[in-house]
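Peer 1: With these hints in hand, go ahead and build the complete structure from the sequences.
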Amino acid sequence: TTGLDPEARIYLYCYKGKRSMLALKELKRVGFNKLKNLSGGIYLWAEEVDSDMPQY
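Position in the sequence shown (from 1) plus 75 gives the number in the working numbering.
None of these hints come from the bench; they were simulated from the model. Every residue gets a Cβ at the ideal spot worked out from N, C-alpha and C, and that includes glycine. Hints may be right or wrong, so weigh each one.
Pair by pair, the computed Cβ-Cβ distance ranges are [as the list claims (entries may be wrong)]:
| hint | residue 1 | residue 2 | range |
| --- | --- | --- | --- |
| 1 | 106 | 130 | 31 to 41 Å |
| 2 | 104 | 126 | 15 to 25 Å |
| 3 | 126 | 93 | 20 to 30 Å |
Peer 2: Right, dumping it as structure tokens:
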């Protein structure tokens with residue numbers, strides 16, 4: 076968390092959302108409060124919102 080502002084809005088995402096949720100919980104534990112997780116991750120975003128987005 077060095078160099079991160081605990082008052083800044085932070086958006087987290089990963090492939091399916093599980094790892095970013097774990098990161099969110101850890102950041103919350105150390106005092107960050109303005110956090111958002113992309114539920115379902117990039118995978119679900121590509122499926123439901125932007126089908127042109129490449130998936131890895």
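Peer 1: All hints are to be evaluated individually against the structure, with a verdict given for each.
Peer 2: Hint check results:
no. : hint                    : in the structure
1   : 106 <-> 130: 31 to 41 Å : holds (34 Å)
2   : 104 <-> 126: 15 to 25 Å : violated (36 Å)
3   : 126 <-> 93: 20 to 30 Å  : holds (22 Å)
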